[in-house]
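There are 2 protein chains.
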Amino acid sequence: MMRRFTISLIALSLAGCSAPGQQLAVPVLSKDALATQVGEKPSPTSPPTGQQWLYGSAEGSIVSAQVYKTMAQYVRAKALNRAIKTQTVLAKGSTPDAPRFESCGTKPLAAVFDADETLIWNVGAMRYMAEQGIDFDPAIWNEWEKSGAGKALAMPGAVEALKTMRDAGVTIIANTNRTAANAKGTEDALRMAGLGEFKHQETLYLMGDDPTGSSKDGRRATIATKYCVIAMAGDQLGDFAHAFNANGLSVADRRMLATNPAILPLWGNGWFMFPNPVYGPSIRGGFDEIYSPQTKWEPAK
Amino acid sequence: MMRRFTISLIALSLAGCSAPGQQLAVPVLSKDALATQVGEKPSPTSPPTGQQWLYGSAEGSIVSAQVYKTMAQYVRAKALNRAIKTQTVLAKGSTPDAPRFESCGTKPLAAVFDADETLIWNVGAMRYMAEQGIDFDPAIWNEWEKSGAGKALAMPGAVEALKTMRDAGVTIIANTNRTAANAKGTEDALRMAGLGEFKHQETLYLMGDDPTGSSKDGRRATIATKYCVIAMAGDQLGDFAHAFNANGLSVADRRMLATNPAILPLWGNGWFMFPNPVYGPSIRGGFDEIYSPQTKWEPAK
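As given, the protein sequences belong to chains A and B, one line each in that order. Residues 1 to 301 in my numbering are what the first sequence lists, from first letter to last. Residues 1001 to 1301 in my numbering are what the second sequence lists, from first letter to last.
One or more hints might be untrue.
Stated by the list, open to error - List time: in silico DSBU-like cross-link candidates among lysine-lysine, alpha-carbon distance up to 30 Å:
#, chain 1, residue 1, chain 2, residue 2
1, B, K1296, A, K163
2, B, K1184, A, K296
3, B, K1296, A, K184
4, B, K1301, A, K146
5, B, K1301, A, K184
6, B, K1296, A, K146
7, A, K296, B, K1163
8, A, K226, A, K146
9, B, K1296, A, K199
10, A, K296, B, K1199
11, B, K1184, A, K301
12, B, K1146, A, K296
13, B, K1146, A, K301
Keep in mind that the hints were calculated from the coordinates and are not lab data.
Isolated chain A, as found in the complex (with noise of 0.2 Å):
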């Protein structure tokens, strides 16, 4: 009723005044425009600028199928060579500034993937939540984990990668957010996604598998006991080490952290990033964050 109300207004407010201009004004009494207006949020018509690079774009997958490739070669190297291998794992008490490396001894080797948005694009949910006009709701998402088997695509590259770090004798492990409560809802989308077989505690670590919450340092430290970890992979760093997400850090302050000297090596090098516009930590800040004002610029008058 009160929309009704609404619009009747604003239509005579327009009426009342035919500019060309003001003309333009009437395709906002849209169902969209009006949603606004009382507060809801449009139905987009299209993905997020973000979605369209990643999950539609040949760029996006490029992206992805280059970071693949990369780290496929690495790992491939790594494992066959001879030398002693170390880990690249925070060991307890370094610190993103001071990483420390450790032996591996004999113990096999392991590369460590975050699952989503860097072994699988979940597709079913984002398109869900964006035709939604959802930016990102933990019920939803609950029910993708417990739900999304078969809906969930391998990320481009990523099936070729991982059979060729299974060949080189590596084994793959995941080391995700998703919560340990719907393991088996997990372990069924990556296999249906054909990226393989990951058990919950042996090859999948899930959020509730130790008391820290959403860090995964513990769950590393775990699978550094059984395993070397020559090798890690995320879209967001707190898939490397939970101290880049140290409550407090600036924009900038948490990007120097990331390419600080004693880390910068570590990418492409051990630590394998890929492009995640989506969603995520990484995802934040005003104009003054994210631009410095030494390259503020406009146009001449």
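Using the hints provided, position chain B relative to the given structure of chain A.
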């Protein structure tokens, strides 16, 4: 005048009904919402998600730096090995389905780069347009080409990678759709970003250098008459072959063409793609173009 009129009428319509849910509609009467009502674009309060990820996040910088590291290693190895050099520029008449490679004879080696979002991040212009709520304005962009020098940033890893390639005896060439009329502005922008000297029609090729407009194929052929192009880099498929921009290619067709069995091996191995979820022909498509029916999902009711 008409705006104030609209405010008062909407305010009135809301004042007429004051259930809690409807009270939420009041904030909609902000300057931005009102601008929308009269057909203007609201001024955003933060950059678009793609800009937050690419220009601000550690992850965006790391993915770009990884591509540069991989490319520098590839180019250096290719330059130093004794095998007969071949170039990956598509030969005249060849298509992305059947790329032809040509022997280089004794030509000097070169690596060919797009400029925008491949060598430099156009943060000055991107911030200005985003703050104005403008997607893209050719007139503003033209001003940026002329006066943006010093306000564009070398992409993460670019300075180090270009040094590695030049030290290996490889000439760095830019092939961009910036206009030849603004050649000096682009030479200055690249130099002031720390990327070294680029000279128009020697190491910098621009739109207008030949009659074929935005196609870079003719310029690639010109470069290939003088150089052995052992690697190419860009953020859009047109930086590699104009055929990828053929009219009428669907989002899926374009992705399949660029990842077909004849092309897929080139990515990360002669052809290097940088992430750009901000602008360009890579970013288009509705829900049914970005997502396949096979992965459609919704939560259990």
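Do the hints match the structure? See the list:
{"no.": "1", "hint": "B:K1296 - A:K163", "in the structure": "holds (27 Å)"}
{"no.": "2", "hint": "B:K1184 - A:K296", "in the structure": "holds (21 Å)"}
{"no.": "3", "hint": "B:K1296 - A:K184", "in the structure": "holds (21 Å)"}
{"no.": "4", "hint": "B:K1301 - A:K146", "in the structure": "holds (14 Å)"}
{"no.": "5", "hint": "B:K1301 - A:K184", "in the structure": "holds (21 Å)"}
{"no.": "6", "hint": "B:K1296 - A:K146", "in the structure": "holds (15 Å)"}
{"no.": "7", "hint": "A:K296 - B:K1163", "in the structure": "holds (27 Å)"}
{"no.": "8", "hint": "A:K226 - A:K146", "in the structure": "holds (28 Å)"}
{"no.": "9", "hint": "B:K1296 - A:K199", "in the structure": "holds (26 Å)"}
{"no.": "10", "hint": "A:K296 - B:K1199", "in the structure": "holds (26 Å)"}
{"no.": "11", "hint": "B:K1184 - A:K301", "in the structure": "holds (21 Å)"}
{"no.": "12", "hint": "B:K1146 - A:K296", "in the structure": "holds (15 Å)"}
{"no.": "13", "hint": "B:K1146 - A:K301", "in the structure": "holds (14 Å)"}
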